[in-house]
Amino acid sequence: MMGPGTSGIKLKDHAPHINADAGDCWVRALIKLSNVEKLIEIQRSMDKPKDLVCDEEYVEVLKPLRSWPVGGSMS
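FYI, the numbering for the sequence shown is 1 to 75, going by the numbering used here.
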């Protein structure tokens with residue numbers, strides 16, 4: 001990384017995830033749906049970005065989320 005505003009930040013120090021194994025890169029969220037009382041934990045990993053991981057009891061209610069874009073914007 002270089003240019004104005006970087007203050008000499010080194011990629012290896014600031015963004016070690018760039019060279020990480022895809023299986024070690026994941027995102028997790030707790031979501032609240034209006035038709036479900038509890039918070040639901042969902043997870044995706046870079047090695048299988050189309051697979052939305054959740055508790056089995058929420059698979060049906062989360063089906064609409066499976067069509068969300070992977071690796072891009074929603075616009």
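Careful: at least some of the hints might be erroneous.
Per label pair, the in silico range of CB-to-CB distance [to be verified]:
hint, residue 1, residue 2, range
1, P16, K63, 18 to 24 Å
2, E37, P4, 25 to 31 Å
3, V27, G3, 25 to 31 Å
4, S7, E56, 25 to 31 Å
5, L11, V61, 37 to 43 Å
For the record, the hints were derived by calculation from the structure and aren't laboratory data.
Computed from a prediction, not measured in an experiment: that's the story for all the values here.
Glycine included, each C-beta is placed from N, C-alpha and C at the ideal position.
Q | C-beta pair L11, V61: status relative to the range 37 to 43 Å that was hinted | A | holds, 40 Å
(Q) Looking only at beta-carbon atoms, does the pair P16, K63 fall within the given range of 18 to 24 Å? (A) Violated - the Cβ-Cβ distance for P16 and K63, about 35 Å, lies outside 18 to 24 Å.
Q: With 25 to 31 Å as the target window, see if V27 and G3 comply at their CB atoms.
A: holds, 28 Å
(Q) Between the beta carbons of S7 and E56, is the distance compatible with 25 to 31 Å? (A) The hint (25 to 31 Å, Cβ to Cβ) is violated, given that S7 and E56 are roughly 47 Å apart.
**Q.** Range agreement (Cβ of P4 with Cβ of E37, hint 25 to 31 Å)
**A.** violated, 50 Å
When held up to the earlier numbered hints, the structure conflicts with 1, 2 and 4 and fits the remainder.
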